[in-house]
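Asks: Assemble the complex: chain Y is given as a structure, and chain G must be docked to it using the hints.
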Amino acid sequence: MGEFSRGGPSRRSILASGAAAAGLGLIGSRPAFAAVDWKRHAGTTLEVNLIKGPRGDLLHRSAAEFTALTGIKVSSEVIPEQQQRQKIVIELTSGRPSFDVVHLSYHVQKRQFDKAGWLADLSGFMKDPNLTEPSLKEADFSSAGLQYAKTPNGEMRSLPLSVDYFILYWNKELFQKKNVALPTTFDEMMRAAETLTDAKAGTYGFVGRGLRNANMALWGAFFLAYGGRFLDDKGNLLIDGPEAVEATKLYQRLLTKTAPPGVVGFNWMESMAAFTQGRAAMWLDGVGWAPPLEDPNASRVVGKVGYAVVPKGPKDHAAATYGDGIGVAAASTKKEAGYLYCQWAVSKLMGARLLQAGGGVPFRDSILSDAEVQQGVKMPREWLDSAIGSAKISKLGLPVVVPVAEFRDIVGSAVTATLSGADPAAELKKAAEQYRPILERSEKA
Amino acid sequence: MARAGLAPTVTTTDDLSPADEAALSPRWRPPGYWPFVVPALVVVVGVIVFPWAFTLWMSLHEWKVGAAPAFVGLSNYSRLPVDPRFLDAVWQTLVYTALSVVLPLILGTLAACVFHARFPLRGFLRGVFILPMMATPVAIALVWTMMFHPQLGVLNYLLSLVGIPPQLWVFHPATVIPSLVLVETWQWTPLVMLIVLGGLAALPTEPYESAQIDGASLWQVFRHITLPLVAPFLFVAAMIRMIDAVKSFDIIFAITQGGPGTASETINIYLYSVAFAYYDVGYGSAIAVVFFLLIIALAAALLAVRKRTQGAAG
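Chains as they are written, first to last, in the UniProt record's numbering: chain Y, 1 to 445; chain G, 1 to 314.
The shape of chain G in the complex, shown without the other chains:
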C-alpha cells in the first residue's frame, strides 16, 4: 500500500508532454525511505551477511593461518563424520545442553512458584536469588574450580559433613559434564525464575478461584492450571536457555578447557581449538557452519514441540 512521500510516485500522464512521459513513466524510482534503510542495511550486511558468506567461503578452502587458501570443495565437511573428536563433541554438546535446559527450567519454575507467594522479605530474597546471574562467568568459573578441588574444595568438605565420600567433580571424565551443568544451573536458574515469575504475575485469578471451590489439590492446580498457562513463558525460557547452553564456552573453557582428556569438549570448545589453536581456519569454518545448522535444528525442534502442544491445547 502506497503512502504519500514514502512510495514510488504514481502520476497520470494526461497533462505531460511526450518528453516528460518518456522521462517519467517507464523509469523506476527508489522509494523515498531508502536513505533511512541504508545504514541498517550496511550494518546487517557488514556484521551478519558478509561474515556468514565469508565463513561459508572459508569452509570450502583448506586454509591454515600463514598459508594461502586452497579450494577443496566439500572435503572439510567430509572430514566431520569421520573425526571422532568432533562426533564426541556433538554428543557432549547435546548432553550438556539438554541438562542445562531441563534443570534450570524445573528449578526456575519451582523458584518462581515460591517467589510468587507472599511472605516476609520476599523482595530481598528474590534479589539475592538472582545474584548469580549478574556475576561474570569467568570469575564464577575460577571460584568453582577451587570449590571443585578434590582435596581443598569446599564441596567435598560439605559432603563430608553429611557422611558422603569425596567426589572428583570436574576432575573425572564421568562426572565432569554433570559438574559443569551444576555451575550452569546455579547461574541461570534465576533467569528462568524471572521469566516464569513474569508469566505468573500475568495469570488471571478466576481459574484458581474455581479450582479452590472445586477442591483441587495444590498439585492439581499446578499441573492443570498453572503449568498450561505459563507454558508460553516456559518455551521462551527454554529457547533462551537452549541457545545459551549450546554455545556455552566461558565456563567450560575456564574450568576444564574441555578436559579431562576431551570429556567435556563441546563443539564450541573444539571449534575454538581448531580455529585459534591449530589455526585450521577452513576446517574450523566447516565446524562453525554445521554448529549453526545444529542450533537452528534445535530451535526448530523446540518450536515444533511448542506448536504441537499449542495445537493439542487448542
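Bound-form chain Y, shown alone:
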C-alpha cells in the first residue's frame, strides 16, 4: 500500500522521491516525477518489448533511471519494427506473452489490438493520484493520440508515445537558384516541383515514396488534402471516390514528371538519399528525419534544409499522422508496475529528450509547447515549428482497420501502377473491389 493512502506522504518518501527526481535531471525547477508513489512495486521485474528506433532506443538506454526511480527492474527487448510487429501479435495471440509492457505501432495495429483486447485498460490507473502524476491527463494528448489510444468505448488502452507527422523538407539552395518560393498549396507545390526539375543536371523538384506499401504513407497526405476519408460512418470503404482519384492523379504527376527516375521503387531510404545528396528539392516524409539531414557525415545539405508544414490541399489542410504508443499486456500480472513504466515513458523528461534529439515528437502538448524544452531542441527551429504546426492540423494517415497491411499492399500496388502509366480511377476501382471483401471479412470476424 502506498504512503499516500495512509493519509499523506511521509517525510522520508518526499525526500526519496525528490532525490530521485533531482538525480534524473530536472526540466525547469519543477520536479518531473512528483506526487506519485513510484516505489510501490520496488523489487518487481518488468519485461518490456520495444521497437528498434529512436523511441525504443531511448527507453532502453534510460531503463536504469526508471529502476532508480521505482526500484522496478527492467528487462527490455528491442526488435526491428517489422519483426517486432509479428512477434508481439503471435505472442499476444498465444495468451501468454513474454512481456508485460509493449510498444505498438498505432497506424498498423490499433484496431487489431482493440478488437482482440490484448492491452489492459489504463483508465482507472490514470485517475489514481497515487499512480499518476497530476500533469498526465487525457486532455494533454493531441486529438490524434487520443484517437489512437482510446477504444470506441472510451477506455484508455495505451499511452500515446510518439507521433509522426508528414512534413515538407525543402532544399533552400535549389529554391534560391531558381528563385522559387516555398509552396503553401499543393498546386504551388506541383508548379514549384516542375520549375525545380532539371533532369539534365540530375536535380528533381520532388522525391517521395513510390514503393508499394510504403507509398501509402505519402499517398495518405495527398488523399487527406483532397478531403478524402478512408471509411464512411458505417465503415464502408471510400478509396475509389473522386477525392482518391484526384489525389492519385497529383501523386502520379508529381512522381512521374518531377521525381528522379526509378522513384517507383523508392522507399524512405532511397528518397532520403536523393534529398541528402542535393538531387531533390522537396521531400515529403515523416518528421523524424531531421537528424540525418543535419548530420555532416551523412548529408550534403546540412544547413540548407528548410522544414515546413505540408502545403494546403484543394479541400483540406491536413498533416498525415502516424504514431506509436505503449501499453500493458492484459495478460500481465504486473499491470500497475507496467503502467508506471508507461507513464515514465511518456513523461515530460523522456518526451523532452526525444524531441530535443530530433528523434520523435511527443503526443503531449505540454511537452511540445514548453519553452524550456523547446530551447533545448538541437534541430533547427523551423523543424520544431513544422512539428507544432502539424499538430494543429493532424489527421490519421491510414484507415483504422485490422487488415492495414493488406490495405497498404493492395491500394499501394494500385498507386504504384499509376506511376507506370495506369489510369488512377481504374486502378483504384480494382483495388477497392479487391480490398472490400477483405475488410468485410475482418470486421465480421
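One thing to keep in mind: the hints can contain errors.
Derived lysine to aspartate or glutamate pairs resembling DMTMM-like cross-links, with alpha carbons at most 25 Å apart [said to hold, decoys possible]:
| id | chain 1 | residue 1 | chain 2 | residue 2 |
| --- | --- | --- | --- | --- |
| 1 | Y | K335 | Y | D140 |
| 2 | Y | K430 | G | D88 |
| 3 | Y | K430 | G | D83 |
| 4 | Y | K87 | G | D88 |
| 5 | Y | K444 | G | D83 |
Calculated directly from the structure, the hints in this document are not laboratory data.
Replies: The following block gives chain G in isolation, referenced to the frame of chain Y:
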C-alpha cells in the same frame, strides 16, 4: 537378415515348458536397436512430420491470427487459381529460378575451366572468386540496393564511362527480376565453380590425350569430353541452385520487398506477406503446400532430365 543382438530373438521351442512357450513364441519383441532409433525418430517427427501435418491441417482452415480456426475444406486451395497475385508470383518464381540456375551454371562452368588450368596466383584468385558466397545475403542486398540507385549508384556511373545511358535496375518493373538475378548470379556462381572444379579434378586424363592426338579443337574437347564427363556434377549443382533459387527470400526482400508494385514478388515473398503481414495463416499454409509441391515437381523434372541424358549417353 538377422544379426545377433540386433534382431528379434529366434528361439527353438523344444526345450521350453508350455508356459514358457506361451510366454515367448507368439509375442513380438521390439528389436534391440530401437532405443537408439527413438531420439532420431522423435526429432524427425518433431521437426519434419509434425510441422508438415500441422501445415496441412492449417491449410484446410480459415485461420487469422487472433481468431479461432474454422474448417473450410479445400476452399483455401480453390482461392489460389483465381488469385492474380499468386499466379503472378508463380510465374515470377519460375522466371527468377530459371535465370538463377542457368546463368551461374554457365558462368560457374566457365570459371571452373579457367581455374582448372595452371597459372600464377591461381590459388589466391580462386579464393577471391569465392568471396561473394561467404558474405551475408542481407548485407550484400543492402550494398547492391545502393549500387542499383539510378542517380547515386556506382553501376550507372560505370555504364556512363562506356557511354551506356543510366538504367533503372531494380527500380523498374521490367528490369527488376534480371537485376535481382544479377545479384544471385554474382553470389552463387562460385558455388557452381567449386562443384564443377571438383568434378574436373576427378576426370581421367586419357580421353584428353587421345583427343589431342586426334587433333580435336578446344571447343570439341570441351563439348565432347569435358561436358559429358562433368555432367553429373553439373546436375548436382543445378539441383542445389534450383532449390536455393526457388526459395530465395533474403535478397529479394531486402532489395525490393517484391516491388516495384508486385513485379518481383515470388511465391516465397507472397507467402511471407500472407502469413506474417496479413496473418492469414490458413491461406498462407495452402500456399506453402503448393509451393512445396512445386519444388518437388521441379526437382523431379530435373532428375528425369538427368535420367534421360544418362540413358542417352548409355
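Asks: Evaluate each hint against the coordinates.
Replies: A quick look at each hint next to the structure:
Note on K335 (chain Y) and D140 (chain Y): the hinted pairing holds, with a Cα-Cα distance of about 23 Å set against a maximum of 25 Å. Between K430 (chain Y) and D88 (chain G) the alpha-carbon distance is near 16 Å, which keeps this suggested pair within the 25 Å criterion. Taking the CA atoms of K430 (chain Y) and D83 (chain G), the gap is near 13 Å; set against the 25 Å cutoff, the hint holds. Simply put, K87 (chain Y) and D88 (chain G) have alpha-carbon atoms about 29 Å apart, too far for the 25 Å limit, and the pair is violated.
This hinted pair checks out: K444 (chain Y) and D83 (chain G) have alpha carbons roughly 22 Å apart, not beyond 25 Å.
Going through the hint list in order, the structure does not satisfy hint 4, though it satisfies all others.
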